[in-house]
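Here is how the chains run, residue by residue.
Protein chains: 2
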Amino acid sequence: MSPIARNRTTKVPLYEEVAQKIARMVEEGTFKPGERIPSIRTLSRQLSVSINTVKEAYGSLEDRRVIEARPQSGYYVCTRLPKVPEDPDLSRPELNPTAVSISELVAMVMQDVLNPDLIQLGAAIPNPELLPVDKLNRMLSTQTRRHKLESISYAIPPGCKRLRTQVAQRMLLAGCELRPDEIITTSGCMEAVTLALRATCRPGDTLAIESPSYYNFLQLIQELGLRALEIPATPAEGMSLEALRYALDHTRVNACMLISNFNNPLGGMMPPEKKKELVELLGQRDIPLIEDDIYGDLSFANDRPTVAKAYDSAGRVLLCSSVTKTLAPGYRVGWIAPGRYYHQVERLKMTFNIASASPTQLAVAEFLANGGYDHHLRSIRRDYARKTALMGESIGRHFPEGTRVTRPRGGFTLWLEMPEYVDSLRLYGRAVKEGITIAPGSTFSATGKFRNCVRLNAAFWSERIDGAIETLGRLAGEMT
Amino acid sequence: MSPIARNRTTKVPLYEEVAQKIARMVEEGTFKPGERIPSIRTLSRQLSVSINTVKEAYGSLEDRRVIEARPQSGYYVCTRLPKVPEDPDLSRPELNPTAVSISELVAMVMQDVLNPDLIQLGAAIPNPELLPVDKLNRMLSTQTRRHKLESISYAIPPGCKRLRTQVAQRMLLAGCELRPDEIITTSGCMEAVTLALRATCRPGDTLAIESPSYYNFLQLIQELGLRALEIPATPAEGMSLEALRYALDHTRVNACMLISNFNNPLGGMMPPEKKKELVELLGQRDIPLIEDDIYGDLSFANDRPTVAKAYDSAGRVLLCSSVTKTLAPGYRVGWIAPGRYYHQVERLKMTFNIASASPTQLAVAEFLANGGYDHHLRSIRRDYARKTALMGESIGRHFPEGTRVTRPRGGFTLWLEMPEYVDSLRLYGRAVKEGITIAPGSTFSATGKFRNCVRLNAAFWSERIDGAIETLGRLAGEMT
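As given, the protein sequences belong to chains A and B, one line each in that order.
Reminder that position 160 of the first sequence reads as 160 in this note's numbering, one-by-one numbering, no gaps.
Reminder that position 381 of the second sequence reads as 381 in this note's numbering, one-by-one numbering, no gaps.
To be clear, the hints were calculated from the coordinates, so they are not data collected in a lab.
Where hints are given, some of them may not hold.
Given that identical chains are not distinguished, each listed pair holds provided it fits within a single copy or across any two copies.
[To be verified] Listed next, the in silico DMTMM-like pairs over lysine to aspartate or glutamate satisfying Cα-Cα at most 25 Å (straight line): (1) 135 / 150; (2) 433 / 423; (3) 21 / 277; (4) 148 / 134; (5) 21 / 177; (6) 148 / 478; (7) 449 / 68; (8) 274 / 177; (9) 32 / 303.
Work out the full structure: start from the sequences and follow the hints.
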């Protein structure tokens, strides 16, 4: 009747099979040294084997010093076992990046985040030392205490009202007049973008995107069965409107997607008049624009720039953002102002995962209202401006002649174009061996472009990183 | 240059346009009474209008008593304004449920959760009074304090290790031997199911499901462009294997999906030997099984039942679950053990929203390890057993002759089959007018079945609910 009893094919005694099952789970770390294992009665019921069988199994495990009985308490995994290390989880496969697919490579770059031994120049994560961790977590405590019922209940879409109100207030500074009920909260900006694409495109549709483009966008486009039309972008102003206009005249495009401010990876900011022109250009053809503004608050200038959504009177722009780059990636608090696609996005959010976590929405709403967010922004903007500049100088010193690097006006990543002979996939493989992770250029294109480029995260800049840049420069130079 | 300056079409003076913009945002609740609005300098820069224009605008708003200046501090929304009520957000549209689509109806039933004035017999939410809110929120505080860096960092898939270890331990009680690294954490069970469907099916594929089936599953199937093949289920044992076998012989089926324990809405539990048979039946045809076990811990018996995954040696079962029904819906903590689809699911999770919120994963891991989860389960199981029984009796007293009701052995919902003359859509409309929300039967079918059925949530049972059942019974009887 039980999985154990009915699936038996071996001649091992039944108690030994039970013993082996438990021993395996201890070995694999499911039960850790010092932890209690199920009682004899529970396990016997659960596996539909007799009490005596489990007793024999536990006896055998005691003999082997895998578990021990504690009077009046039950059975525990022996603490004398060698401690299973909690981290890392990361058995890196034997690395030959040129042989793996782009999507495997992207997964590797993102998983590198979890490896504390690597110098983090890869994924575009903010520097935790610059995040208001204690204040945020304190607000998480107080807010969940104050809003008990709300903290454990579904924040049914459109999501936490207080957060939406705060976002609407802040969006005024980006030139947008939004009502709280035009905003839907999401699990980070990436989910906002996912919902936007699902709401505007069907499989087979064509999407105009910047080139180079954030690698997770390319993954998503592939996953949803869309076609990416890569429009060239410049480090100064982002997507070329001339190229876009030409493309629209020659190809049927169903939607356009870009990061309008300090885009990833180039760091370009589309000037306000070009944003307006973009909205008009797409408007004439009734094409929706998915605008990612995740870096908008990280301008090195005094003010945050406007968004394209500010020029949208027809509800064609779906504005996506989050606090991932400024407060806490792990809180997964983002939002979307989907314009005329509001109802589709709301329904999709409910269908895919019902709602986003309530406690972190409450905490972020409180931080935006009373946490000194503007003060915090002023401080990290200055810091990132300094860090990107210093890393840029370091690259100038250490990379081979002919290397070009961006000078972003916001955000915290740099884009390098190295001499043609440098293969960024091989560079990634060699860099990881030296304890450094980077984002190879090839991951930013759907069509194999940017092999000699690389994106570097400057958020962690320090003296130690200067050494890492020197190492990278040397590795690149050795590829001549 | 600015949105304001460039989009002007009226002859209203510029300062008046700025004033109207701020007044609108106050009216709509974006800026609330007592809140500070942007400084003159900030707004002038942001809207690219002169300092004097903003000064004039603010002066005009002061005259109208919309805002007030506070010396050394800035401008604030007047507190003497009538207070904008924080809740409800819920302007219910004029209700004619028979005229709306099923997906609109489902959205209505789910949004009803937010309305504190309604008696909640609709959505299958647990009773918050039975949830360990204080303990959970306390653990949220201590865990985020203890694991600072982890709390704000991405829990990159497969997600929080400690949570996965706890889940692997508990799954032994469901007959499953799982390693922590076979599990991926998700934003609730619904996201686990979404990922499972994306990993196993392509648009146009056919999915065998139970009938009746949880309405959000039907929404998801429609959204992903799949076809639902409805296999009859019974309140005792769930999906009919005889019917499934027949269907598999006559139709090409790409995947099968069901709630194996105390399914929604019937409350049926598939016996262990039938679970095994199901796995074998699908295995012969190499068809993946998406198994939702969200109610598994809510058995009224001593033990939690096994899952079909326990009989799966080929990795064809994708087991999905969460703590939504037992600890906190709003925490959005769920998981999936996707078997041979592990890598697809991991990549999809990363692509759609990168990761789930870290703080709530940490808190749930701690609760499962040290929160007395088993003790908690024993208490809510007893309570739900009592509540479903009492509501069943109440239904017997108050509903029209010929009404049949399930006697579930777990979970907290009841399924009613009323006389043919009762239209559950109209019943929903009338019930809401009486302050009661229910889940109409039609939402549980893709093909218009169950018009005379309704699902009722018994989790909130009390004397007051007895009156609501009486009202519902009367409304149903009046439809003769």
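Verification of the supplied hints:
1. 135 / 150: both (21 Å within a copy, 15 Å between copies)
2. 433 / 423: within (16 Å within a copy, 68 Å between copies)
3. 21 / 277: between (66 Å within a copy, 23 Å between copies)
4. 148 / 134: So residue 148 and residue 134 pass the 25 Å test inside a copy (21 Å) and across (8 Å) alike.
5. 21 / 177: between (61 Å within a copy, 8 Å between copies)
6. 148 / 478: neither (59 Å within a copy, 40 Å between copies)
7. 449 / 68: neither (60 Å within a copy, 56 Å between copies)
8. 274 / 177: within (19 Å within a copy, 58 Å between copies)
9. 32 / 303: So residue 32 and residue 303 pass the 25 Å test across copies only (24 Å; inside, 52 Å).
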